[in-house]
Amino acid sequence: MPGTRVGRAIADLSVRCWTNSPPTFQLHSQQLRALLPAFLSAGVLTLIQERLEKLDNLSPQLLRRIREHCRKQSMQCAQHELRTKLVFQRLRANGIEPVLIKGWSVARHYANPLSRFTLDVDVCVRREQLPVAEQVIAELGLPFGSVDLHGGIHDLADRGWQAVFDRTTLEPFHSDQVRVLCPEEQLRLVCLHFWRHRCNRAVWLCDIAALLEAQSSDFDWNLCLAGRRRDADRIKAAASLAARLLKARIDAPWEEAAARKLPDWLVKSVLESWGRGSTLDEDRLGVMWIVASSLFNPLDPIRTVNRLPIGPYHSERTMKWLTRLIMPAVVLIRIVRDTTAPLNRRETAAVALHPKVVS
Amino acid sequence: MQPQKIEEGIIVRPLGAETLLMHEPTCNVHCLNQMAYLVYLYSDGARTPAEIAERIVQENGLPCTADAVEIAIEQLVERSLMHCPLPELTPERQLRRREVLQQLAAMMAVPVILSLSAGRSSAACFTTNEHDTFFYPEASVPRSVNFFVETFDLTCEP
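Protein chains in written order, with the numbering used here: chain F, 1 to 359; chain A, 1 to 158.
Quick caveat, the hints were computed from the structure, so don't treat them as lab data. Remember, it's a predicted structure, so these values are computed and weren't measured experimentally. Using N, Cα and C, we set each Cβ at its ideal position, and we do this for glycine too. Errors might be hidden in some of the hints.
What the hints assert, rightly or not - Short, incomplete list of chain F residues facing chain A, as computed with Cβ under 8 angstroms:
{"#": "1", "residue": "21"}
{"#": "2", "residue": "27"}
{"#": "3", "residue": "55"}
{"#": "4", "residue": "111"}
{"#": "5", "residue": "303"}
Stated by the list, open to error - Taking beta-carbon pairs under 8 angstroms as the criterion, some of the chain A residues facing chain F (in silico):
{"#": "6", "residue": "7"}
{"#": "7", "residue": "11"}
{"#": "8", "residue": "12"}
{"#": "9", "residue": "31"}
{"#": "10", "residue": "86"}
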């Protein structure tokens, strides 16, 4: 199936999957079997499992395979919850107050939090505390990759750690408390993260939709959108996309205007990127394939928006020219800069990753 | 033999027709089918396996025997979810157990527990200053459990 059609199928089947709403589609075993790899790499299979169970024309073998996969993912989510609690307890015992981003802090807005599969536990600490935090977590001996520790909050870097931290809230979590971002900054982070990863997983758009619908009446859109205009435009576009593709309900003063302006190229590119996962039969490889294909695809207009200081609200024609003419030049300049600089960014990152090895 | 379930440090979460037991101190997660969970639930340190089986039949209408309860207890004790002195596994008991499993499989009443243990590694975390990183955790369902489930063609539903 062509990528856009697969992407469209993912969107249709994921409509309002963060709620307990019943299925609004019919599907046959053969269709589902063809779509399964795409669902896996889009990260939505566990979210729509209950709906699939309610369909009466799917083969028991296929359902059993899906059930086994979803069970394993839910168990991993439960394990991540336990690890989150453990990490928070240990860091606090060492005088570090961490902030949880993504993971459970978003999953709690789903009807069934265990259905929102998370790959790891994302924990942010003040940048100066990063070496100590790293040591504390290393002593826990958790499996490689299960904790992603960040110095600062990358997607909210323009706001400063202290300002963001002051607005965080403590939420009850398994007879303890975890610190999470305020709803406005949570939505901002999730939207900008969605863009930074080239919009390539449907589950991230489900997160945006779930957060949009979890808003309270005092949600401050000014706080959420404050800052650079292009970031505000990206957030609006992501929210409109959630409304268009997943039927999320937005309660915002700019909603109608943003929905009208939502560019067609964006919808098409997002559906295409979701459809790319359908080419491989293994979820792990599927995700890698998506990452690899988007890394080496300089003609992706979403990548253009990410790399250039522009927002998403441009016509298809403008995006086409920007992508074909300016992006190759930008990529070339970066390659030259990275290869000629004495200590380039990659080496800096390597020092940050393995300080002991490098020193 | 009066099994006593361990409740301290255990978080119970429903997962469809199954139940998750999350063991906080070890970060291990166990998925119990209905039969295994009922055995865990009714093991209060005062009932024998036969009495537990009787209660399961009466209150839940599921086919259950004392042998099935004993198999569930063995699995629960192995996973540190229950206190109960287990009799030694002699060759005769092994043979008997195999027969019982076959009978239970026919009745669709096998207590099944799938476990996700917290793996240990020297490289504990991946720290990034500027970038998010994208990878899978190593944890997986133990191969022996998968082998058991596949061999006996058991699903977690009763």
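Here is how each hint holds up against the structure:
no.	hint	in the structure
1	21	17 angstroms, violated
2	27	19 angstroms, violated
3	55	15 angstroms, violated
4	111	13 angstroms, violated
5	303	15 angstroms, violated
6	7	13 angstroms, violated
7	11	6 angstroms, holds
8	12	11 angstroms, violated
9	31	6 angstroms, holds
10	86	26 angstroms, violated
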